[in-house]
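Here the structure of chain D is known, so what remains is to put chain L in place on it, guided by the hints.
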Amino acid sequence: MSQQRKAVALISGGLDSLLAAKVMLEQGIHVEGINFFTGFCVEGHTHAIRKQDKDKPKRNNALWSAEQLGIKLHIIDIVDEYKDVLINPKHGYGKNMNPCLDCKVFMVNKAREWADENGFDFIITGEVVGQRPMSQRKETMPVVSRESGAGDRLLRPLCAKNLPPTLPETEGWIKREELYGFSGRNRKPQMALAAEFGFEDYAKPAGGCCFLTDESYSAKLVDLWDARGSREYEMDDIMLLKVGRHIRPSPNYKLIIGREDGENKFLQGYKNSFISLKTMDCPGPLTLLDGVATDDDLKLAAQIAARFSQGRNAESVTIEARRTNGDTTTLNVTPLHADDIKKEWYV
Amino acid sequence: MAHYELDARRMFCPMPVIRTQDKIKELQVGDTLEVVATDPGVLSDIPAWSRINGHKVLETREADDEVFVLVEVCDA
Chain D
1 MSQQRKAVAL ISGGLDSLLA AKVMLEQGIH VEGINFFTGF CVEGHTHAIR KQDKDKPKRN
61 NALWSAEQLG IKLHIIDIVD EYKDVLINPK HGYGKNMNPC LDCKVFMVNK AREWADENGF
121 DFIITGEVVG QRPMSQRKET MPVVSRESGA GDRLLRPLCA KNLPPTLPET EGWIKREELY
181 GFSGRNRKPQ MALAAEFGFE DYAKPAGGCC FLTDESYSAK LVDLWDARGS REYEMDDIML
241 LKVGRHIRPS PNYKLIIGRE DGENKFLQGY KNSFISLKTM DCPGPLTLLD GVATDDDLKL
301 AAQIAARFSQ GRNAESVTIE ARRTNGDTTT LNVTPLHADD IKKEWYV
Chain L
1001 MAHYELDARR MFCPMPVIRT QDKIKELQVG DTLEVVATDP GVLSDIPAWS RINGHKVLET
1061 READDEVFVL VEVCDA
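Same order as they appear, the protein sequences are chains D and L. Residue numbering for the first sequence follows this note's numbering, beginning at 1 and increasing consecutively. Residue numbering for the second sequence follows this note's numbering, beginning at 1001 and increasing consecutively.
Extracted from the complex, chain D is given alone in its bound form (with noise of 0.2 Å):
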């Protein structure tokens, strides 16, 4: 009898992994999943904290994955390592903060060391050719197996019959007939497969999975470093970037103003760490200021959070601001006219 061949497969929670598993799967390969966690997941976060998605249901896609499949998933926090790979990527950036090819090579490579580890025998991913413009495509795929260490140990399930053989394919631990030659952007093949092989109900094709994509949040890590002086960050900075309006009326500080209740509920697990305003006589938001602020600017700050409070017209909004070490002030201001919060202080 053969030796049972095992494949860790990495499993983002969209349709190409999943497809990709199962294909190995049908060729009776032992697969497992590994599913890394940057921070920057779109998911999960943004459902736990916006109210107004708190009716949806609730599902990790990587895990209604392996559990479609029926396969193992291994949940990998790769937070800290994440950030020289966003910080320093050597391939550089996609149209936003995305550092895609380096984002690959790196998961890529910490899955094959995952295998090493483990005893597992190659490296399956559901990259197709010409499917991304950074990381899938032709010119890039080899630069993945090559920098991430695994070499022809790396399938690509579903379009493996563009590329040359593989480890798997070569030793014949699984038929290359039996594969897929998909390319480019083009998902009804994709689509096809999940219908013959039964999904229903699969993570949507093309939905973005991580933040770093989004113009929007890149706009606001890159607003972040800058203030700083340096590009770092922890996970409270990044989990902030998800939340609220993000307003800069100066350099030395920003407002970060709850949208909605879960936004307002989520803020208000940072006053201690942030000045925090909110209004007295009147419903409003939760708004913590991010720098530091002379009386001038906890004013305006206070007039500006004002403005989103539904006493947006009164004459005369109470604000208290707390400090981070429970001092509080009251300050009773005039709501700043939708026109005088300029353009560019919207970060």
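Everything labelled a hint here was simulated from the structure, so no lab data went into it. Positions of the beta carbon are idealized from the N, C-alpha and C atoms, including for glycine. Mixed in with the good hints there might be a few duds.
[To be verified] 25 Å max Cα-Cα, derived DSS-like pairs, lysine-lysine:
no. : chain 1 : residue 1 : chain 2 : residue 2
1   : D       : K175      : D       : K188
2   : D       : K110      : L       : K1025
3   : L       : K1023     : D       : K110
4   : D       : K72       : L       : K1023
5   : D       : K138      : D       : K175
6   : D       : K95       : D       : K242
7   : D       : K271      : D       : K299
8   : D       : K242      : D       : K72
9   : D       : K242      : D       : K342
10  : L       : K1056     : L       : K1023
11  : L       : K1025     : D       : K6
12  : L       : K1025     : L       : K1056
13  : D       : K175      : D       : K161
14  : D       : K175      : D       : K204
15  : D       : K95       : D       : K72
16  : D       : K265      : D       : K204
17  : D       : K72       : L       : K1056
18  : L       : K1025     : D       : K72
[Claimed, not checked] Interface residues of chain L toward chain D, partial, derived using beta-carbon atoms under 7 Å:
no. : residue
19  : L1006
20  : P1014
21  : K1056
[What the hints assert, rightly or not] Away from chain D, derived, C-beta distances all over 10 Å, residues of chain L:
no. : residue
22  : D1007
23  : C1013
24  : K1023
25  : L1027
26  : G1030
27  : D1045
28  : I1052
29  : E1062
30  : A1063
31  : E1066
32  : E1072
33  : D1075
Then chain L, alone, in the frame of chain D:
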């Protein structure tokens, strides 16, 4: 058999799942782990993770903006 608790309050998924996964690696078959969290996503994610990885969820409940998931470690 021993009982353990994991405080995953103020963490957002998948961090509570990762912490659960890492903690369960240290436990013995038959041990139980109660995860306390504030992200309601935990109510679906930890049971899903447990099903996939062969562990048993004994109870899930919500109280005062917190969620509780009790997992029994099985021979996975």
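ask   = For this structure, which hints from the list above don't hold up?
value = 8, 14, 15, 16, 19, 21, 23, 27 and 28
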